[in-house]
Amino acid sequence: SHADIVVANYGINSIGVFLGYGNGNFTNKIITSLGSSHPIALAIGDFNKDNQLDLVVVNNGTSTIAILYGLTDGTFQIKTSYDMGYDSSPHSLAVADINDDKKLDIVIVNSGTSELAVLLASNNEIFVIHKYSIGKYSYPFSIAIGNFNSDDYLDIAVANSGTSNVGIFLGYGNGSFMTIKTYSTGSDSYPDYVIVGYFNNKINLDIIVIDSTNYRLIVLKGYGNGSFSMVRTRRIGANSHPSSIAVGDFDNDGDSDIAITVRDVHVVEVFTQYFNYPVVDETVYSTREGSKPHFSTVGDFNNDGHLDVVVANYESNSIGLFINLGNGTFRNQEEYYVGVYSTPSFLVTGDFNEDQYLDIVLILYNNSKIAILLGYGNGNFSYKEIYSTDENFHFYSIAVGDINNDGHLDVIAPDVKNGSFNIFIGYGNGTFKNIILILTIIDFYPYVVQCGDLNNDKILDIVTSDSFDHGIAILFGDGNGFFQNQLVTSTKGSHSSSIAVGNLNSDNWLDIIYVDEFSAYVVILLNSGNGTFENVTHYLTVQGSQPHSVALGYLNDDNLLDIVIANTLDDSINILFGNENGKFRRRTRISTGFESRPKSVVIGDFNNDNKQDFVVANKGNDSIVIFLVHYEADFINGNYFVTGTSLHPSSVAVGDLNNDGVSDIAAANLGTNTVEIFLD
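Using the working numbering, the first residue of the sequence shown is number 582, and each one after it goes up by one.
Each hint should be verified, as a subset may be incorrect.
[Unchecked claim] DSS-like, lysine-lysine: derived pairs with alpha carbons at most 25 Å apart:
no.: 1; residue 1: K683; residue 2: K630
no.: 2; residue 1: K712; residue 2: K660
no.: 3; residue 1: K1039; residue 2: K783
no.: 4; residue 1: K717; residue 2: K762
no.: 5; residue 1: K998; residue 2: K1039
no.: 6; residue 1: K684; residue 2: K610
no.: 7; residue 1: K630; residue 2: K660
no.: 8; residue 1: K684; residue 2: K712
no.: 9; residue 1: K965; residue 2: K950
no.: 10; residue 1: K1164; residue 2: K783
The set of hints was computed from the structure by calculation and includes no laboratory data. This structure is a prediction, so every number in the text was calculated from the model and none was measured.
Taking the hints into account, I'd like the entire structure generated from these sequences.
Here is the structure:
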C-alpha cells in the first residue's frame, strides 16, 4: 500500500525500482536488465490481471515496445516485445482501457514515422496494433489520454513538435478514433511534452504543453466538446530547458497543479492555482459637471439588443441615459429632467405596463416620491404617474418583483423613517395601488432592500437591512402580497448600504451578500436550506474604503458567482472571486479614478462578447465608467525546488510518497544518476 518509484535507466539498459516504506524513504534500487535496449519512457499497469503491477517500456534504437510482468520482489520479467517498424522511433506512451473491455491497452507515438500506434489487448495477453497518421513531418513527441468531449469515451492528445500544434484523436469507445484534429500552439513553437488536467474548472479537461526549445509553457483551454484554444503562454526562463511535466494537486484545493523539471538551471518548478482573472478596458463618460450621479442600472431601452445604461443624477435633478452603440461604446448622455429639487437617488427597471418596453422606477429623495417613467422602446420616456407619499416618509432604495403572484410587477420601497414598507401593487398597465406594510420587528428601520425566493416555496420574499445596525430582516411572502413571518438574522454592529442575493455555494438556495460601509467588510450569509442564515463570513475590502454598492456576476469564466464592490472612499472596485463552497479565495482591486467616489456598480454584457462587464457611477467626478472585461489566465503561485548544481533533473513524477494525503514529487537527475524526493 506504499508508493514505489520506477526509473528507466537509459545508460545501463535497465529498469530500476525503489520500494517505498510509506514514510518518504525507499529501499536501494532493484535492477531489471533490458539487455541491449535503451529505455526512454515507461508506463505502469496490471496487464495480466494478477494484481501485480507490470511495465511497458519504450526502447530507443531498437524501435520496440517491451512488456514486463511484475514479480513480488520488485523485479520484472520480460514477457514480449512489439516492433513499431523501421525508422518509427517510438518516443512516448500511455496506458488506459481504450475500448472499455476491462483490459489495459497501450498508445504510443512514433516520432520518426509521425504515427499514433494503438495496441489493443486481446484475451490471450496479445496486443493488436492499429496505426493512425498524425501528419507528415509532425514528429510527435509525447502523448496524454483523457475524455475531451464528455461522451465517456477516452480520447488522445499528442504534442507535435514538427508542426507546432497539439493533435486530438477523439475516441469512439471501441478502440478506434476519428481523424486527427489539430490546435496551434503558436507558429514558432516546438511542443514537446503534454499533460491534461482540470485547470480552468472541474468540468472540462484542459491541455498544457511544454515548448522546451523556446522555454515556454502553453495552456490550451478545453470546452468539453473536443475543441481547444490556446489561452496562455508563459515563459519558464531563458536557457532553462524544461524537460518534463507532471500534474498533481500540491495545495489540496481540488484543482490541478503542475511540476516541471527545468534541467539546465537544476530546479523543479511547481505552479499552483491556475486562475482566470479579468482584465478591463475602461471608458469614461460625463454625466455633466455638478450632476453627482448616485445610482445606475442597465437595460435595453431602445430595443436594439444592446444593454444601455441609465443613471440617477442627484444634483442635476435628472435621469441620464447612455445608449449603447453595440460594440461597448456609448452615445453621450441624454438627460431627462424629473423636477426641481427632486434629487433622484435610486432607480430600477421593469416592464410595468406590459408593452414589451422597459420602464424605470425611481426615488425622488427630497420629495419623498416614487416616479414611474414609461418607455416607448426607442430610448424616450414619459411620466405616467408620480406616487406622492407623506413628507414623513423617507425612501433610500426600492426593489421590483411580483410579490402577489398575479403576473404583474410590483414595487417595494422601505421607509427608513417609520420602520415600514410602501408596497405598490402593479395592475399591469403602469398604475399601482399603495399598501403600507408595518413591520412587527421592534426598533427595526428598513434601509436597503432586495427580493428573492429565500425558502424555495416559489413565492418572493424580501430581505432588508436596518439603518441602526440591528441586522438583516427577512420577510417571507405568502403569495398574496403580504408577509407573515418576519425573521431577523443578527449582524449587529454593521451598517449595510447595499444587498444582493444569489446562490453562492451551488446548493440551489439563495444566499445573502451585503456591504458594511462603516467597517469596510463584505458579509456573506449562507442559506442553511430552510430560509435561515447561520453561516456568516466577513471579508475586508480596504480599511476605510466605505464600500457602498455590491453586485453579483461571472467575472472570470468559471461559472461561479463573483462579488463586485464599489468602494466610495477608496476610489476603487473590488472583485472577490467565488469558490464552489460559498467562500471567496482571491480578490483584485481596480481603480475608478482619483477622487471619483464610486457610488454604484452594475454588471452587464455591453459589447456582446458573452463576457460580463460592469459600469460604475462616480459621484466625485460626475461620470460613469464602462469597464469591458476580457480574461487572462495564469498560475497564481510558483515555487522553485533546487536539486543542486550539475544535477540536471530530466523527468518528474507525482504521488503521495509518505502517506499523508498530499502529492509529493520525485525527480530523476540526469547529471548524477539519482532520484530526488520532494515531500510536500
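Comparing the hints with the structure gives:
no.: 1; hint: K683 / K630; verdict: holds, 10 Å
no.: 2; hint: K712 / K660; verdict: holds, 22 Å
no.: 3; hint: K1039 / K783; verdict: violated, 31 Å
no.: 4; hint: K717 / K762; verdict: holds, 14 Å
no.: 5; hint: K998 / K1039; verdict: violated, 31 Å
no.: 6; hint: K684 / K610; verdict: violated, 30 Å
no.: 7; hint: K630 / K660; verdict: holds, 14 Å
no.: 8; hint: K684 / K712; verdict: holds, 19 Å
no.: 9; hint: K965 / K950; verdict: holds, 13 Å
no.: 10; hint: K1164 / K783; verdict: holds, 16 Å
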